[in-house]
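Protein chains in written order, with full-length UniProt numbering: chain W, 1 to 294; chain X, 1 to 295.
Calculated directly from the structure, the hints in this document are not laboratory data. One should not assume that every hint holds.
As the list claims (entries may be wrong) - Lysine-lysine pairs mimicking DSS-like chemistry, simulated, CA-CA at most 30 Å apart:
no.	chain 1	residue 1	chain 2	residue 2
1	X	Lys185	W	Lys7
2	W	Lys213	W	Lys203
3	X	Lys146	W	Lys47
To be verified - Which chain X residues stay away from chain W? Per the calculated CB distances, all over 10 Å, these:
no.	residue
4	Trp72
5	Asp186
6	Leu209
7	Phe283
We put the CB at the ideal spot given by N, CA and C, even for glycine.
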Amino acid sequence: MLHGKRKITPYLYLAPCLLFLLFFVYYPIVENIRYSFFDFSAFSPSKTFVGLQNFIDLLHDKVFYIALKNNILYAVISVVCQVFGGLILAAILEAPITRLLSGFFRTVFFLPVVISITVIALLFTFIYDPQIGILNNFLSLIGLEDWTRAWLGESETAIFAVIAVSQWQSIGYIMMLFIVAIQGIPKELYEAADIDGAGGIRKFLNITVPQVKEMIFVTTLITLTGAFTVFNEPYILTGGGPGNSSDVLGTLLYHSAFFEDKMGYASTIATVILILTLMISVIQMKLFRTGKDG
Amino acid sequence: MEANEQVIKYETIPLNRKHKKNRKTILMASPVYILLFVYFIIIAYPLFWMVINSFKSTDEIFGSSWALPEKWLFSNYIEAWDTGISSYFVNSLIVTAATCLLTVSISALGAYGLSRFEFKGKNLLLIFCIGGMMLSPQVSLIPLYKLIQALGIHDTYLAMILPYVAYRIPITVLLIRSAFLEVPKDLEESAFLDGCGTWKIFIKIFVPLNLPIMVTATVLTAYFTWNEFLFALIFVDSESLKTIPAGLMQFRDALQTNWGVLLAGLMISAIPIILLFLCMQKFFVRGLTSGSVKG
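Take these sequences, add in the hints, and give me the full structure.
Structure (structure tokens):
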């Protein structure tokens, strides 16, 4: 270990990092919690202390419950599609039977991850378009004309159409995490199973799943955190509409702050998001630690 | 020779068994290939649709969005570029380059301090640095907005660059620190005995030895910055300073009926990062996976 001539040396190396984090990450977080007890607008110099009023208002706000419900829907669907779907795709692409094409499929499946969500969301406004959209065209083609609709324009389907776009983009990412985890499994385990004559499905259930258990926890928590902080997809695709049917906490926060100019109220929503994501992170750390011990 | 023969004998038994199994696995494989193929269509077709329709006129998209273009309108790309994408593109390049440079150099310094020194409060500072990963940028949106106004940098490049750097530091420190911890101690000790100061050891040993992880960190930061939307939307108002993700929203409103050009704009926005990914797939995957395992 280096000691340097002066005791201050390591602190000097760390100083830029610490300053950035202090000013732009930690100070705003603390300030946000403080803001949630005040009422103020974007350009007013003074703030009015309102105690817990913002939290009480939030609990009486119908839109808050719609948004929270949508976030929960987001979470449930994301965990099923991304964690379950991603794991299955990864297992298939790592299986010997797909060896020839797996590199190609892996790259294509990962492609949506690297494309900006703005590009993807705007592309999907075309795909969902009631007239020219390929989704309705495809449904008509296979004889399901009754199913065609304005996917983003109807309050029953808007949130699901938005969630689908997120799945389309993110499954590849979780898949890649599982691929890396599966590549770390000792080959002997599979060879032993081969000698026992185990089939692909049995190998998947008896070897792959238990061996990547930790990654299953981690990806579940990544998708959960993503689901509670989602903003871009609903904002670009529907703006939270029609009505408030596809609002999530993120769009509600944005709308309260920059359209209604209720900065204190928006901070309260941010505090709720903070609490939710911190809870998920704490669970993640706990599980991660137990995973390491075991 | 003898040894070789033994090996062959040993291997023929499982090989025979494998042969029998092959027919079975091919049968088993067909549903798997069908599944892969269906998923491939779901992912690839929308992207393909974007490519072919970005060369069409609006009328043609409306009439036959399935078909290949009758005439490939490269002019859509020129029009998209001239309608605003060019300035978004330049802004994105500037913001991304500055963010990468600052993030990676500051994080490397921090990682060096955290990996090769013993000092008071080290663990606490490590938690302070890496704990930032648990905090989502949205949560600090309003105080950051106020802070940026107070600093007088609202509606400048810095309004994006400084928060981006801050939010990328935790993960980048984590990545670089784990690489620095692997550097053998003898290297730095002999350099130390040769009279090198800590700064020289950092520049002459740690940075050159860990270039791959620096590239990984840069690629990851570039990916994040090129695609960031929320801060870019809120901290910058001027059309002339917008980066691609925020600018595209304006671009869409300006081109409401000119779909071919809009799609060409989407293509121009997506291509650089796709190329970066295809060229540096290894760095990309390593960064994205090792980063998120821990956070």
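We went through each hint and held it up to the structure:
For a cut-off of 30 Å, the pair hint linking Lys185 (chain X) to Lys7 (chain W) stands: about 20 Å separates their Cα positions. With a C-alpha separation of about 15 Å, the suggested pairing of Lys213 (chain W) with Lys203 (chain W) holds against the 30 Å cut-off. At most 30 Å may separate the alpha-carbon atoms for a hinted pair to count; Lys146 (chain X) and Lys47 (chain W) meet this at roughly 13 Å. With a minimum CB-CB distance of about 19 Å to chain W, Trp72 (chain X) clears the 10 Å threshold, and the non-interface call stands.
The claim that Asp186 (chain X) lies off the interface holds: its Cβ sits roughly 13 Å from the closest Cβ of chain W, which is beyond the 10 Å cut-off. Non-interface call for Leu209 (chain X) relative to chain W: holds, since the shortest CB-CB distance, roughly 15 Å, exceeds 10 Å. Listed as outside the interface, Phe283 (chain X) is consistent with that label: its C-beta sits roughly 12 Å from the nearest C-beta of chain W, beyond the 10 Å cut-off.
Every hint from the earlier list agrees with this structure, and none is contradicted.
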